[in-house]
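Participant: Hey, can you work out the whole structure from these sequences and the hints?
For the record, the sequence lines run as chains A and B. Position one of the first sequence corresponds to residue 3 (my numbering), numbered consecutively onward. Position one of the second sequence corresponds to residue -16 (my numbering), numbered consecutively onward.
Just so you know, these hints were derived from the structure itself, not from any lab. There's no promise every hint is true.
What the hints assert, rightly or not - With a Cα cut of at most 30 Å, we get these calculated DSS-like pairs of lysine-lysine:
#: 1; chain 1: B; residue 1: 363; chain 2: B; residue 2: 394
#: 2; chain 1: A; residue 1: 80; chain 2: B; residue 2: 15
#: 3; chain 1: A; residue 1: 19; chain 2: B; residue 2: 394
#: 4; chain 1: B; residue 1: 16; chain 2: A; residue 2: 80
Unchecked claim - Short, incomplete list of chain A residues facing chain B, as computed with Cβ under 7 Å:
#: 5; residue: 47
#: 6; residue: 65
#: 7; residue: 115
All residues carry an ideal CB built from backbone N, CA and C; glycine is no exception.
For reference, the chains in residue letters:
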Amino acid sequence: MVKLNLNELEKLRKNTKDECSTEIIVSMGTCGIAAGGNEVYDYFSKEIVKQGLPDVLLKKTGCLGLCYIEPNVIVKTKDQPAILYGNVNMETAIRILNEHVRNSQIVNDFVVAMPSEDIYCLCKKQPEKR
Amino acid sequence: MNRYIFLSEPGNRSSDLFFYIQKALAEKGLDKKIGLVRTQNVGFYSSMPVMRVIPDDIVYKDLTHENINRIIEEHFIHKKPVTQLLHKVASPYVRLENRNEYYKQFRIVLRNMGCIDPENIRDYIKRDGYRGLEKILKNKMTPDDVIDELKISGLRGRGGAGFPTWKKWKLTQEVPGDEKYVICNADEGDPGAYMDRSTLEGDPHSILEGMTIAGFAVGSRQGYIYIRAEYPLAIKRLEIAISQARELGLLGPNILGTDFSFDIELRWGAGAFVCGEETALIASIEGNRGMPRPRPPYPSVKGLWDKPSVINNVETYANVPVILDKGGSWFAKIGTETSKGTKVFALTGKTKNSGLIEVPMGMTLREIIFDIGGGIKDNKKIKAVQTGGPSGGVIPESYLDTPVSYESLQKLGSIMGSGGMIVMDEDDCMVDVSKYYLQFAVDESCGKCSPCRIGGKQLYDLLEKISKGSAVDQDLDRIKRIGQAMLKASLCGLGQNTPNPVLSTLKYFPEEYDEHIRMKKCRTGKCKDLVTYLIDPDKCIGCSLCALRCPVKAITGEKKKPYFIHQDMCIKCGECYNVCKFSAVKRD
Ligand SMILES: Cc1cc2nc3c(=O)[nH]c(=O)nc-3n(C[C@H](O)[C@H](O)[C@H](O)COP(=O)(O)O)c2cc1C
Ligand code: SF4
Ligand code: SF4
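Facilitator: Here you go:
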């Protein structure tokens, strides 16, 4: 990568667009990994290839602070609010992929409310406020 | 779907309420437009059930059937929020315009958690990362401008003592010379605390940016992060972050094409608690044994390799980019008069929800424990909360309405510390808790000065005596005297603060000490030498449950006849006491 100068940083910031319409984000701090976040991540990563889902981006993130319900997974789709799932085991992961990611059906029962507001634009993918 | 209702109920069960709302929406023909989602909630415990409407981001409480009909009619059909039913919980200590009023927590340090991939610098940049640094360089701010901004913000060190960060930077800046260092203290050794680890793992660039800004302000070209080797994931992510920042020209020579150069390297610590003390930490980086030295001279004037060095905590640095980006006065609108901003706590112990939280300074302990932590597990009663780990103290239930700030916690005999917050319930014995912390301090004392080396051991032995029932009344005076001596005469913070846990429990729970000493009893059963478990033959129905549970097979008997505990074998684990459904096992 080329080193940035003073004006190019802002350009990079603006030009970094979301490449995919759907994101799956797995919480992978030490707490998430200890609770099984790795397996959930590996499952998604295999299935995305196997099922041919080029429009789905799989990401890691750090600890969300909700260590008592790790592993946590966030799913963002184009026209739904970001959904945070807690206590995601393999069974739930399969349901999240099949029902939510592929069919936009939120998997009730495992949803956790976001704990805090965001000082920078949390959940950019939420529909605009009216 | 163009709107969503997130319904949170106690216990996360499907109930009538869920189906009632579903039906009511269907009757109005709204079920295709409004999605209904059941959620587990964080931050609303005292007032469940509640519902959050997305994307309006409004929370309603008092969800009677009548009120639900009203919300559907007014909010969803006529698009007018029902103001009487709004559930606003935001802390009055966040005095920002346009802030969302439905959240208890407020995240500055944890701003990117869950939003960015820590191994991808672009994610950080996209969320306004490196904009604080960019502003400084673009607007040609001087080091004094940066320090002024920090002064306006009121930021104080998050590593424990709460020293104003701008003052520390100013001291280093004023020393002439161009060989100065910026150090990040990521030693985090308090048992029960992991805020710094999570921040480094989840958002490493925020630390790099904060340190780079410090480097600019004090005139340093080199930074070190002193991190314990037990944090391999944090180390890995920091290494990735450093190399990505170098590639983009955000670290290294001529940052962003300017003539400002700054680089960062990692230094691993072996995990000794005392190496978190700044002078011991510096000795450890220099390759010497990690032992504190007397201050002054302070590291800001004479630090690493005798050069002026700024040393700050991880969380302190994580605040800096936001202060530069949004302005010191923005930051100063959060928190109390003397304690600005937010504090991250690792909430653990007997709360229902344990985890990392970030709240504005000024929030009460009760709000933190009950509204965010969800209260105490198994409907037990809260006894106290411990802050500051082995250097802090306990705060009893009666003081839970104290707003959190550096001064208020200190006044109660505890400290803010780095952010461990351990909640204790009626099953926790205050003597046992103090003994635990003292054991830790004795193990971790470096042994350089005698008040700490000898005093700590003496204190521990006295507590051991109390917990065995062989102490006398005068021992309490001894504890106080030794504590005072350690406080006054120890060389570093470790020894000075070692007596805190025992002195504070003694202050707030004298009756528990009294029970141990005079009645030779421990009401919680934690002090094993002071309890016996006995089976009441009148109550025992001979179900054999306790005998099955006993890990050492100390209980024998015949089914349907009273069972018996063999005292010589019993290890006093209390399993039988907890498992008996007929209260036949007595703790005496
Ligand atoms: C025994 C002992 C252990 C300490 N451990 C830490 C630690 O793990 N992390 C930390 O940031 N500060 C720790 N400190 C405080 C540091 O000495 C120093 O005050 C702090 O790093 C300054 O940073 P701040 O101004 O940002 O708070 C410790 C102090 C003592 C006496
Ligand atoms: S107070 Fe304890 S840890 Fe600190 S220098 Fe003295 S012996 Fe060492
Ligand atoms: S206290 Fe523990 S060891 Fe003793 S009898 Fe009961 S179950 Fe057995």
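Participant: Are the hints correct? Go through all of them and say.
Facilitator: Evaluated hints:
no.	hint	in the structure
1	363(B) <-> 394(B)	holds (28 Å)
2	80(A) <-> 15(B)	holds (18 Å)
3	19(A) <-> 394(B)	violated (50 Å)
4	16(B) <-> 80(A)	holds (16 Å)
5	47	violated (13 Å)
6	65	holds (4 Å)
7	115	holds (5 Å)
Hint compliance for this structure: hints 3, 5 are broken, all remaining hints hold.
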